Amino acid sequence: MDRAPNRPPGIDPRDVQSRRDLARYLDQSLLGDYVMLTEADEFTQVSTFVKSYLIEAHRDSNQELARSLRPIFPEVRTLADPSMMLAIDKKNNAYFADVLDQRFIVLHSIANTSDTDFTISKLVDGSTQGFDRAWMPTEFLLAAQRGQMTGFKFGFERFVQGLWDSETDLLPSTTRNDSTRRARFRLAVSEDVTAERDYAEIQSASVFSGRKALDHIQFSAKVNDDGKKGYISNRVYADGKIIGNGTSIGSHLITVESVLSLYSALISRIEEHSMLWSKTDSGYIHRGEPFMIVFPHDIAISSMPDFVKSIIRPTKPFRLLGLPHRVTDDRIDVEVVDLHTGDPLSMEVTRNWMRIYLPSGSCGNVIARLYSNLQHAMHSSVELVTGDGEIPITRNSAE
Amino acid sequence: VKLTELDVVNAFFGFCTPMAGTWPTPLLSLGYQVIGVEAEVITVLDGNDRRLVPDIVCASPILSHSLCVDAKSATVTETQERAYESLTGRTLVTQGLIPPEFDQSSLSNDSLLVTSRDNEPKLHMGLEAINVGLPVVAADESGFDLTRGQLTQPDIHRVFAEGIRLSNAEWPRSFVPFNSRSPIGDAAPIIMRSLLQLVLRQDRFTVVELATLAIRHWDLCGPTEQKSFRKTIRELLWRAEREELSNDVKRTGKEQVWEFVGRKPSSVQYLDAFQDRVSQFVTRLQAGLEFQEGQPLLLSAEVFRDEDE
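Chains A and B, in that order, give the protein sequences. If you read the first sequence in our numbering, its first letter stands for residue 1, the second for the next number, and so on. If you read the second sequence in our numbering, its first letter stands for residue 1, the second for the next number, and so on.
Source of the hints: derived by calculation from the structure; they are not laboratory data. Don't take each hint at face value.
In silico DSSO-like cross-links for lysine-lysine, where the CA-CA straight-line distance does not exceed 27 Å [stated by the list, open to error]: (1) A/Lys316 with B/Lys264; (2) B/Lys264 with B/Lys250; (3) B/Lys227 with A/Lys279.
Label-pair ranges, simulated between beta-carbon atoms [said to hold, decoys possible]: (4) A/Asp281 with B/Ala273: 46 to 52 Å; (5) B/Asn168 with A/Asp198: 37 to 43 Å; (6) B/Ile184 with A/Thr315: 30 to 36 Å; (7) B/Pro154 with A/Asp281: 28 to 34 Å; (8) B/Arg204 with A/Thr113: 42 to 48 Å; (9) A/Ser268 with B/Thr212: 23 to 29 Å; (10) A/Lys122 with B/Gly21: 52 to 58 Å; (11) A/Thr315 with B/Pro154: 37 to 43 Å.
From a predicted model like this one, the values you see are computed outputs, not experimental measurements. C-beta: ideal position from N, C-alpha, C; glycine also.
Chain B on its own, in the form it takes in the complex (with noise of 0.2 Å):
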């Protein structure tokens, strides 16, 4: 199984965080937190400012130290690894990355590429032909191993060297269960679910607004992401509307207005209706499936009885 961006940022929120045995926590227990998610930063490379946007940045003030952690397929890219290679703490602490209770003055940086096992013996062969020294961690569902380098910071250097194992562990999806280059069907749920949380209160709103709900991180993305998050919420929408949901949100005259059609927020069989739609609809995103007129339930359930049998 081949690992997604979101798999890995999951994972090192999941390390960060208190988790009551279900995913370990080895980086909690030097201090580390999450500080972003996607957040650009300027590097320079060669006389030139590189715009880099790292999947997930921790840090510890215990150790005066961020991670900055890149999540890749097998391909290399010269540039990009080379400005990763020359990110510095100082350069995410003048970009306002790094929050006033770190030692600002003395925070060290490692950028670190995580990759699934089978790509990684190409990751590293890329790595050696543009001569770059970038550590790698090669992950999958048993563990993270450090392959390729070494971090400059020793205590989060031993965590990956030994390897962090995984067994009777339970992958975390729901610290960002989906980012702007998700397909359509992994952003569907957290984007109808906002929807939802929209019915029940107003009879209009934005595609803004419907962004900020669905995306806790919303503020912390760049322009750029904020665009792309903007595009696929549209599609989804332009979809519903045409969709399983011809019947209870349509466009207005304005543009990024949006209005729901028949809303009765009080009625439960109105919500218990919504929902079976909404549910509807999602799940034949995410099972790939075109739209027809009339088409039988795939509500999740039976779905998955369905499977199960």
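Bound conformation, chain A alone (with noise of 0.2 Å):
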């Protein structure tokens, strides 16, 4: 078995047999002892931080997501635990794909963030139908959290458009279609003791109004390793990246376990609404509800249909094709294929609200991504319920 080139002495990935030791593996960059190589042909001893990533992988066998993954990654290879696979990049990065979920895989990496960015961005592009990203609305971030809170980030790009609100007199190139006048916000807080408490105030305040959808959250939990003091810091994205930093990978894989379940539970509960004829022994019974995504007051839809053309379209975020047709002035329905999968869903979208008919069968991710992305790009207090007023991001009462 050849040693990757650019891989110098340590645990080489191709060694990597087991979880055991892919916790070893994945432990030698947190810790410092991985050794790679520098431009200038030198072996140097750095820290680096692991990289996972949460990604909906639709398939039947692992045999078929080995074949799917190899446009992306050449070598796509299994080892001794069934469970995970070892995927090599273009340039020789390696990945470790744990696919113990029958639904969701996770790719781990310790390889620099704009070269893994990069080809988990070429994998849920599309060019292979059936990879997704998982998307994070900010409930769900807020949710996720293991420990204290230790940073955030929030990030908008107002690329919906048809709109109007207050902000757009101080904005006034948000109404343009001119991707490279869009209004962008970003903020930032990284701050250990006082995050939480920053992050409460910034959200009862009325500034930055609309604009306050979380990009990642960050939180650290102390771990006592027999007796030695150590820490663990996880930074969790909107687009199911989670970052970890620290001294033990055991507390990294352990969160994003945790936020694999979360998820996979979100989306399994996004599912059971979904509209589907029972067959019973003697007949049929009509089951499921729409979803509504809510808008709030303080912004309107100006123009209705430069509104739903900038969400159905076939390009990132969205990934949507879709018929729409005109009903009212006031209401617009489209008929609609998600790329991710190729399946149905439609949507009556109004000025106030859009209520969104997912039948049974169709991915359920669809919802999260179009919730997720409403709320980085049109406000971030737009409100995903279910018909019968539940909010299954957190499964709360709207009431």
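Quick one: dock chain against chain with the hints and give me the complex.
This is how it looks when you write it as structure tokens:
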């Protein structure tokens, strides 16, 4: 078995065959035992963060998954542990795919973030159907927190069009169809002691109204490891990336597993509400209900066609094909195809809300994708509820 | 505005479904669920079997009651209305329309005619003339009101006798977006959306594949209904092949089998352009315009903008 050319001595990714090996391999990067080749062809000992990406990957078998990964990862091999795979990207960076979950995979890597972000964005760009990011709305990120909040970042970019709000007068470029002049907003706080309080105060303040969608949340926890005091800090991103930093790879992996479980449960909850004709021994019963995305009162849709056209796009992030048809001046219905899976859904879009009908069998990730991106591109206070008023993200009653 | 059969079907779907306050749901709280759309049922009238196709059937296990709803114009057909009058819960049970979770031995049934409010007087007179006592609900954009007769189940009778108001309600249309009698322009968005699904998956498809994707209740439809749907879909494909999608879809030598031409499902540019051509086709059909070579784009948003101006 060849060693990867840019792999120095240490644990070679191709030697990893089990979860225990993987933990040791990832741990070396956290602890600074990882040795990498510099541009001057010298080995240097560095500490790198562990990146873990939650990816939805529809597949019937792991063989099919391996086939689907190969356009992006020229080398994909199974390991002694059948619930793991090694994938090597075109720049020879190693990724470990945890395929234990039937629906979601986690790709772990210690390569540079710029490389891993690029590779993952190629994986989910639609050229291979079936892969999608995990789309984590703000409430979800808050619920995923383990330990003390140590940082957060708001991110907002008004690429949904046809809107008017009080900010529009101040930011006239927001209504233009010109991506280079779209209003962008970023606010990051990284402060161990005050982050939680800062977050609460900014959320309740009137400043940055409608633009307080979380790009990421960071939290840390102390770890008592055989009497040695350690820590782990995890940063969870709205697009399903989790970066771990600290002294305990075990704590990072537990966080990843926790976020994966929460997200998997969220998508299952969404799909519980999908529409179906349930066949019984005699006859059928129609079950399910539409979802509602409710727009806040301090934003108005000034152009329904522009609004709909900016959402029904085959490009990222929405990745939807659709056939809009006008019902009234205040309503457009859209027959939609989700490019992630090719599944259908229907939308009834008004100036105050959109009603979404997800047929049974259609992937619920489209609801999370739509909702999360509307938080980041329309208004951070949009709300997702089911027909009976449940808030599926946190499973609280709307009342 | 005259209500269509589909307006009635979608309204009753909404009455039985949690709708987050965007549509009244008086039947939901009584336990009603939709158990059939255009399902065929045979009843006996004057010793002869009569086929009925109620537009929607709802039933409540709590009340052990079913409601067969038929949307009507002003026209009365004596045998049909008398057949509805004779329809019983037992008839629905024996023909397998009632799920087992209902108490099948005690199920009662009401048939209900729903008509546009301005058709109601004429329908009323027609029913009087044939001496049929079916209850009638008159509906328009303001609400649904019982204007004639009564339902045997007291709770559901009270709902319609008191009336269902639609202020601040937005009529649902997506439960059953079209049926086999819909104008081709109404059927086009759903059928062509299914064509967009197929172009992502496969090079060839059959009319039935397209039908099962487009019509969620395909398995519930009787053979007559399925035949009508297939006819609508064939007509739409023939037009698409001759018109906007002449370079995209064509019939193969095999009857009922079609294929995509130049399909590139992984290309965003291709998908975007294909979607635009399909959208142009659908929008033109909905507008009732004839196809012309080199026709200016009628893409929905542009059409809307012209209307707004």
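Could you tell me which of the hints above the structure violates, numbers in ascending order?
-> Structure breaks hints 10, 11.
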